[in-house]
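Sequences listed follow chains A and B, in order. Letter by letter, the first sequence follows residues 260 to 373 in my numbering. Letter by letter, the second sequence follows residues 9 to 121 in my numbering.
Just so you know, the hints here were simulated from the structure itself, not pulled from any lab data. All values derive from a computational prediction rather than experimental measurement. A few of these clues could be false.
27 Å max Cα-Cα, derived BS3-like pairs, lysine-lysine [stated by the list, open to error]:
| hint | chain 1 | residue 1 | chain 2 | residue 2 |
| --- | --- | --- | --- | --- |
| 1 | B | K19 | B | K79 |
| 2 | A | K308 | B | K19 |
| 3 | B | K22 | B | K79 |
| 4 | A | K308 | A | K327 |
| 5 | A | K317 | B | K109 |
| 6 | B | K65 | B | K79 |
| 7 | B | K65 | A | K308 |
| 8 | B | K22 | B | K65 |
| 9 | A | K308 | A | K328 |
| 10 | A | K308 | A | K360 |
| 11 | A | K360 | B | K22 |
| 12 | B | K109 | A | K327 |
| 13 | A | K308 | B | K22 |
| 14 | B | K79 | A | K328 |
| 15 | B | K65 | A | K327 |
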Amino acid sequence: AQSVTQLGSHVSVSEGALVLLRCNYSSSVPPYLFWYVQYPNQGLQLLLKYTTGATLVKGINGFEAEFKKSETSFHLTKPSAHMSDAAEYFCAVSESGGTDKLIFGTGTRLQVFP
Amino acid sequence: DTGVSQDPRHKITKRGQNVTFRCDPISEHNRLYWYRQTLGQGPEFLTYFQNEAQLEKSRLLSDRFSAERPKGSFSTLEIQRTEQGDSAMYLCATRGQAIEKLFFGSGTQLSVL
């Protein structure tokens with residue numbers, strides 16, 4: 260069975276500082292990996308995804324993530340945090356070639372201080 | 009706005025009552041998913057449709073839950089004899105055949121008193 264673990268339910272950074280949100284996955288088949296962001300009172304929005312090919316993927320709003328098979332990780336980073344990045348971030352995994360059913364982590368709430 | 013509409017946005021009901029939620033997908037999207045999200049948790053998969061066929065149901069979907077997608081367009085999720093533990097955000101997501109991206113609606117927040 261697939262699963263996702265997000266280390267740290269809350270992360271706080273100063274504006275301009277590096278953002279690092281951690282995600283580790285478990286999958287018996289090659290995974291598809293996703294990061295979604297949820298702003299208050301809004302639906303989930305896709306930040307970026309990894310399916311095949313280049314292991315460093317770039318997403319919207321300056322975020323990027325690197326798929327590391329040896330570490331079963333897909334950590335999300337942004338070089339310089341902005342106040343507008345404050346939100347809940349979810350890592351998710353699905354089976355390649357499957358129903359595309361997503362299995363989500365428990366989320367990490369990012370706070371950005373001025 | 010992702011183009012996926014959910015109605016109502018909020019629903020307050022008394023324990024034991026039946027409730028029904030609706031999801032209107034992006035018109036060309038043939039795949040539709042229902043998820044449930046409780047406070048402090050990530051969304052949990054409930055069920056999945058391809059066109060009008062319900063292809064997968066989670067163990068979370070008890071006998072009190074039923075979902076339909078007549079004619080492969082909008083979908084409804086009904087909860088019978090609601091319990092306080094059903095209180096959650098119910099999310100709908102859709103995608104097209106060849107697009108590896110789910111579009112989520114804003115959800116229906118259910119509160120069972």
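For each hint, the structure was consulted:
Straight-line distance between C-alpha atoms of B/K19 and B/K79 comes to about 26 Å, which keeps the hinted pair within the 27 Å bound. Restraint check for A/K308 and B/K19: the C-alpha separation of about 33 Å exceeds 27 Å, so the hint is violated. With a CA separation close to 31 Å, the supplied pair B/K22 and B/K79 exceeds the 27 Å bound. Under the criterion of a C-alpha separation no larger than 27 Å, the hint pairing A/K308 with A/K327 is consistent with the structure, at around 13 Å.
Distance hint between A/K317 and B/K109 is fulfilled; the C-alpha atoms sit about 15 Å from each other, no more than 27 Å. Straight-line distance between C-alpha atoms of B/K65 and B/K79 comes to about 19 Å, which keeps the hinted pair within the 27 Å bound. A distance of roughly 25 Å separates the Cα atoms of B/K65 and A/K308; the hinted pair therefore holds under the 27 Å criterion. The hinted pair formed by B/K22 and B/K65 meets the criterion: a straight-line CA distance of about 26 Å does not exceed 27 Å.
Proposed proximity of A/K308 and A/K328 is supported: the alpha carbons are some 15 Å apart, at most 27 Å. Between A/K308 and A/K360 the alpha-carbon distance is near 14 Å, which keeps this suggested pair within the 27 Å criterion. A C-alpha spacing of about 32 Å is found between A/K360 and B/K22, which places the hinted pair above 27 Å, so the restraint is violated. About 21 Å separates the Cα atoms of B/K109 and A/K327, which keeps this hinted pair within 27 Å; it holds.
Annotation: proposed proximity of A/K308 to B/K22 is violated, straight-line Cα distance about 40 Å (limit 27 Å). Between the alpha carbons of B/K79 and A/K328 the distance comes to roughly 41 Å, so the proposed pair goes past 27 Å and is violated. Taking the CA atoms of B/K65 and A/K327, the gap is about 31 Å. The hint is violated against a cut of 27 Å.
Checked against the numbered hints above, the structure violates hints 2, 3, 11, 13, 14, 15; every other hint is satisfied.
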